[in-house]
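Here the protein sequences come in this chain order: Z and D.
Each number in the numbering used here corresponds to the 1-based position in the first sequence with 4 added.
Each number in the numbering used here corresponds to the 1-based position in the second sequence with 954 added.
For the record, the hints were derived by calculation from the structure and aren't laboratory data.
For each residue, glycine too, the CB sits at the ideal point set by N, CA and C.
Careful, some of the hints might be misleading.
Label-pair ranges, simulated between beta-carbon atoms [unchecked claim]:
(1) D:Val957 to Z:Val316: 31 to 41 angstroms
(2) D:Phe1087 to Z:Ala363: 17 to 27 angstroms
(3) Z:Ser303 to D:Val957: 49 to 59 angstroms
(4) D:Val1109 to Z:Asp82: 54 to 64 angstroms
(5) Z:Val367 to D:Phe1087: 37 to 47 angstroms
(6) Z:Asp82 to D:Ser979: 15 to 25 angstroms
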Amino acid sequence: MLTDLLIDAAKAIVAVLLVLNLATVLLWFERKGSALIQDRVGANRAAIFGIGRRLGVPNLGVTNTFVADPLKMFTKEDFVPDQADRFLHTLAPFLSLFPVLVTFAVVPFGDRLIVGSRVIDLQVCQLDVGVLYLLAVLGIGIYGAALGGWASNNRWALLGGVRASAQMISYELAMGLAIIAVVMTFGTLDLQEICRRQGGAWFGWLPKWGIIYQPLAFLLLLTAGIAESKRIPFDMPEGESELIAGYFTEYSGGKQAAFMLTDFAEVVLVSALVATFFFGGWQVPYLYPEGFRLPGIGSVLLPNLVVAVLGVLAFGLKVVFFCWLQILVRWTLPRFRYDQLMYLGWKILLPLGLINLAATAVVIVAVAS
Amino acid sequence: MEVGVFAFFAVLAVVSALGVVLQRSPVHSLLALVATLLAISALLIGLGAVAIGFLLAIVYVGAIVVVFLFVIWLLNLQRDPGEPGHLAAKFFGAFAVAALTAELFAFFVRAPVGPPPAPAGYGSVDRLADLIFRDYLVAFEATSLLLLVAVVGAVAVARRWPADQPRRSGAGASAHGELRRAERA
């Protein structure tokens, strides 16, 4: 009993810490990566007693992002504007960050791990209705941005909040339709089960990943996911040239850091969802619970521990890949206009999602009969 | 569902429901409404109606109450100054509250102790799908058609036709119109 509790607690803590740390690493990657893309030097000022320079190591901005910036953020004045709603102003960043973090409870990061007679499912919380939980919790996240904008008593912040909530509601529909198509394909709402059903291979070599069943849903989910995370090219809610910083204009210090962290945690979440639904989650091609079975070559038997670790590594690799893809998109595309955003969401993605859903249903019925 | 967990969410639901009507600021009322809905959906999940519980959170918290928030912003509702109401309104209000409370008590007194055993698969997504897509398919689809008609009707009624209001054409249901109104507010 106590052991079970400890294992669950450990899984939860590890999942949250991994997400938070990956979010910080992404911040660093975004700074240096954007510098690389734009042919700049990027963050390279901060150093600790010049140790790196004395050793001849180039300054990669690691001290900037991981030490100097967090220290600066948390020692800044926590400013609340005059006439602002103090309670909601404080609540909003947490209302924004919390839903994104708890969503990871149902994302499976590996297959079963067998320790002695104990079978540990590498997922924080096994839930039969995991997809419903996901959509319900993501829905709460809207209030963070919306109330943050409203509670600041600032026109720009309010406009940013209105834009953010309108955008998130619009793209949630496309996201939901894409996920429903996947759920129909695999016939389950449990994310771990969706991963399991992506195991195996067609003709002995083509992995049965979701992207092969649902290529259109993959594009829909990725697009809607980037829009949900409110990043370029969908960053109208915080468009600097029009709204200063949108809904977090009046935030400083730790609360602003929470909003920033939410952005990156959402990038990680979108990557994790895309990997889970369309790229087999923790599935490694040709890796089965008993070991590798390579087509035309032969098989290699592996112990459970190695298989489980390979699965977790594969999931991590897929997540990092899609994070990288999203950062690449961010530094490639310019910002949409607001009407273009609404046009894309309601008149392109939504009909495409509906058509995809109908086609999926027809194919499923045709195959079943 | 454990009694302690049930009591926690039940008290949370009642307290936040009181918050909806007692708060002076409309946005605070709205947040209390969100808390109420989440507490009720937690209760539903705990009592076995898992699908309905999550759908309540998705549909109401994730979409409908956000629309309420838009309405509050667009109408630019301010804090309620808390003027005392009519004496008659207070009298009839108190009467209605007393009647409702009496009804609730009567219900509790006559309610059987302990819940009846739930049928197998109660509250699961499968069972819900059987109900709305097989047993009550026609009624379900007719309801969705009715809602669609209501939405089209609402847009038709709310829209300002160019002939009536030549200077404010196009300020209809577009996102831009909403934004501009929000800007003015």
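These are the hints, each one checked on the structure:
1. With their beta carbons about 39 angstroms apart, valine 957 of chain D and valine 316 of chain Z fall inside the hinted range of 31 to 41 angstroms.
2. Taking 17 to 27 angstroms as the suggested C-beta distance range, the pair phenylalanine 1087 of chain D and alanine 363 of chain Z conforms, at roughly 19 angstroms.
3. A hinted range of 49 to 59 angstroms for the beta carbons of serine 303 of chain Z and valine 957 of chain D is consistent with their spacing of about 54 angstroms.
4. With their beta carbons about 44 angstroms apart, valine 1109 of chain D and aspartate 82 of chain Z fall outside the hinted range of 54 to 64 angstroms.
5. At about 18 angstroms, the CB distance of valine 367 of chain Z to phenylalanine 1087 of chain D disagrees with the hint of 37 to 47 angstroms.
6. With their beta carbons about 22 angstroms apart, aspartate 82 of chain Z and serine 979 of chain D fall inside the hinted range of 15 to 25 angstroms.
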